[in-house]
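Protein sequences appear in the order of chains Z, F and H.
All the letters of the first sequence, read from the start, carry residue numbers 292 to 568 under the numbering used here.
All the letters of the second sequence, read from the start, carry residue numbers -14 to 137 under the numbering used here.
All the letters of the third sequence, read from the start, carry residue numbers 17 to 276 under the numbering used here.
Please keep in mind that the hints were generated in silico from the structure rather than gathered at the bench.
Incorrect hints may have been included.
[To be verified] Simulated DEER-style distance windows between Cβ atoms:
no.	chain 1	residue 1	chain 2	residue 2	range
1	H	Gly270	F	Gly35	22 to 28 Å
2	Z	Ser370	H	Asp50	18 to 24 Å
3	Z	Asp514	H	Thr242	36 to 42 Å
[Said to hold, decoys possible] Partner residues aside, some chain Z positions facing chain H, computed with beta carbon under 10 Å:
no.	residue
4	Phe402
5	His407
6	Asp409
7	Leu410
Think of the CB as a built atom: it goes at the ideal place given N, C-alpha and C, for glycine as much as any other residue.
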Amino acid sequence: MADPAVEDSPHIVIENLRFRRGRKVIFDDLSMRIPRGQVTTVMGPSGSGKTTLLRLVGGQLRPDKGRIWVDGQEVAKLSTRRLYALRKRMGMLFQSGALLTDLSVFENVAFPLREHTDLPEDVLHALVLLKLEAVGLRAARDLDPASLSGGMARRVALARAIALDPGLILYDEPFAGLDPITMGQIVSLIRRTNQSLGLTSVLVSHDVTEAMAISDQVVLIADGRVVDAGPPDELEARASDWSAQFLQGRPDGPVPFHYPGASYRDDLLGQGEHRDD
Amino acid sequence: MQVRFFELAVGAFVLLGIGALFYLAVQVSNVTDYHDRDTYTVTGYFDNIGGLKTRAPVTVSGVRIGRVADIRYDPERFRAEVTLAIRSEHDYLPMDTQAAIHTAGLLGEQYVALEPGGDTETLQDSDEVMFTQSALVLENLIGRFMTNMGSD
Amino acid sequence: MTDAIASVGRATINALVVFGRAFVFLMRVLASLDIVLRRFGLTLAEVYSVGVRSLLIIIVSGLFVGMVLAYQGYITLVNFGAAEALGGVVALSLVRELGPVVTALLFAGRAGSALTAELGLMKTTEQLSAMEMMAVNPYRRTFAPRFVAGFLSMPLLAAIFSAVGVMGGYLVGVGLLGVDSGAYFSQMQSVTDWNEDVLSGVIKSVVFGFVVTWIAVFQGFNAQPTSEGISRATTQTVVVASLAVLGLDFILTGLMFGAG
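Construct the complete structure from the given sequences, taking the supplied hints into account.
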């Protein structure tokens, strides 16, 4: 059952996804729809499998059960050639940037162009400069990836992700570990590229403030399922106990502060003789 | 540019490697003997070839003039058939030349020593060496020695 | 008692699993080899980093090994009055055994561990994943060129090792110990056979190159994506490759020199 590729149809559809790694169930009957042309953030606690979700969407992993469609095509059923064709229309930003260390900044951004197009060198040169300009790093084009700061590396990775003008970009924890200024740069870049290129952006993050600020849609995941989904303000308004604890960053609540085990009293007194107090 | 440098370095490396192989071929091993620049073949039949192996030297007066090309058993004559490849320039060997299997040193490798005779006609390609002397077999020697001792 | 048996069984199964994975990996790399011809620049860069950069250690080691061989050989041969045979002893030892084997061991240590570490790091920093997501096949772009580079460089390095070793042997044998220089080479030539000795040494080094590079590249590919995982993988490359080389040497020597 494939959705027709109409403007209004969701860019990504996930239906009854079940995925296990070893004995741990990561997703259990997960379903969601990612609308086209908007910024959607998938949020959840660490270990909830957010990166795994991106890998499943990109076809690097296969679901145990359930189906995933991207742009009307069922990812798990694609032949290698078709999968590669699909990936050319997707950009992915990895957590650490994942720039190729043996290439310069310029060559990193040029990489997808060189691999997948036959553009003449001067056109390619202009395109790369264009992408680098969009992320503000045109003058850094001859630098070595090893000498870039985390934020700069991520910006270069973004330039590389948009090199082939994809319709969809996946961001894996784009805000993690950044200082406030760089964070602001990334936030505004994500929003701007989404608008100006008419992209669908899917972010995976647990940085609540930033995500709520730039998203059109937020999906909360916990225990392998969708807990809630909707525009940020709606979500905050109707937050259940768990969602409220997550969204407001409260240290204690449905997710306990103390690691479950014996009571404090028993632990302290249990070793010596039992003292009657 | 970077690519240029790589190409240069790799080219030098490959040349060095091939050069080493060349050196090993020419200076270190006997590949020069391999070039069967023109040789002609001559066959000899032996009762016992002992430890003779193919590629063993063929000498006359100790000078190497060829090598053993092939060793086979002839079931019709019940003898070993040894094919000698002799370099073409040594075409002066008389028809009654004798081929003997000698040992280099006491326990060394065996080779074919040619002893020229006095015939006016010379050995040509595909000729047979009529006079052969088999290798000395240690066991026979010891046996003979012991029987000699016993008969005293 | 049963625990011990169980853990041996488990270890064996694990080893088989890893070997199977390594084999599948090898098949995929071999299937991607066409890229080597089409984009030669990638392979070229790898031959440089794997082959050219190993030259120094190979040449120095070859020199020393050749010199030691001459020393040791002389000490023993002189007792039999056979010092003139030194050239042959040095040459045969190098060309048949020490050239291919020592080069392979050094290669595993220097180039092999570097390959594993590099690939392990690429895996850890998600570069390989990123390539896949950019619809670039990492087998073609990353693994195959490195594999070919190692496989081609090894025989060349082994030949260089042997040649330098012979020269080192000359320096010590003739220069230092007084063996006649003519005898050194003429004995060598009469004893060293191109086919049996030199070529079988070359065949050995080709086989070693294949195996060592396969192990090095696979270990990098298979490493756990943590810094501890990379260091473990690098150590394993050196250990497994060295053992494989020695084991294969035994088998190959038996095949080549035993029956013949």
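Take the C-beta atom of aspartate 514 of chain Z and the C-beta atom of threonine 242 of chain H, compute their distance, and say whether it sits inside 36 to 42 Å.
-> violated, 26 Å
Outcome of range test on Cβ distance (glycine 270 of chain H, glycine 35 of chain F; 22 to 28 Å) | holds, 26 Å
Does leucine 410 of chain Z meet its interface restraint, that is, does its C-beta lie within less than 10 Å of any C-beta in chain H?
-> violated, 16 Å
Identify whether the interface hint at aspartate 409 of chain Z stands, where standing means a beta carbon of chain H within less than 10 Å of its own.
-> Status violated, d = 14 Å.
Against chain H, with CB atoms and a cut of 10 Å, does the hint on phenylalanine 402 of chain Z hold up?
-> holds, 7 Å
Would you check whether histidine 407 of chain Z satisfies its interface hint, that is, whether its CB is within less than 10 Å of any CB in chain H?
-> holds, 7 Å
Is it true that serine 370 of chain Z and aspartate 50 of chain H lie within 18 to 24 Å of each other by Cβ?
-> Check passed, 19 Å falls within 18 to 24 Å.
Consistency note: the structure conflicts with the earlier hints numbered 3, 6, 7.
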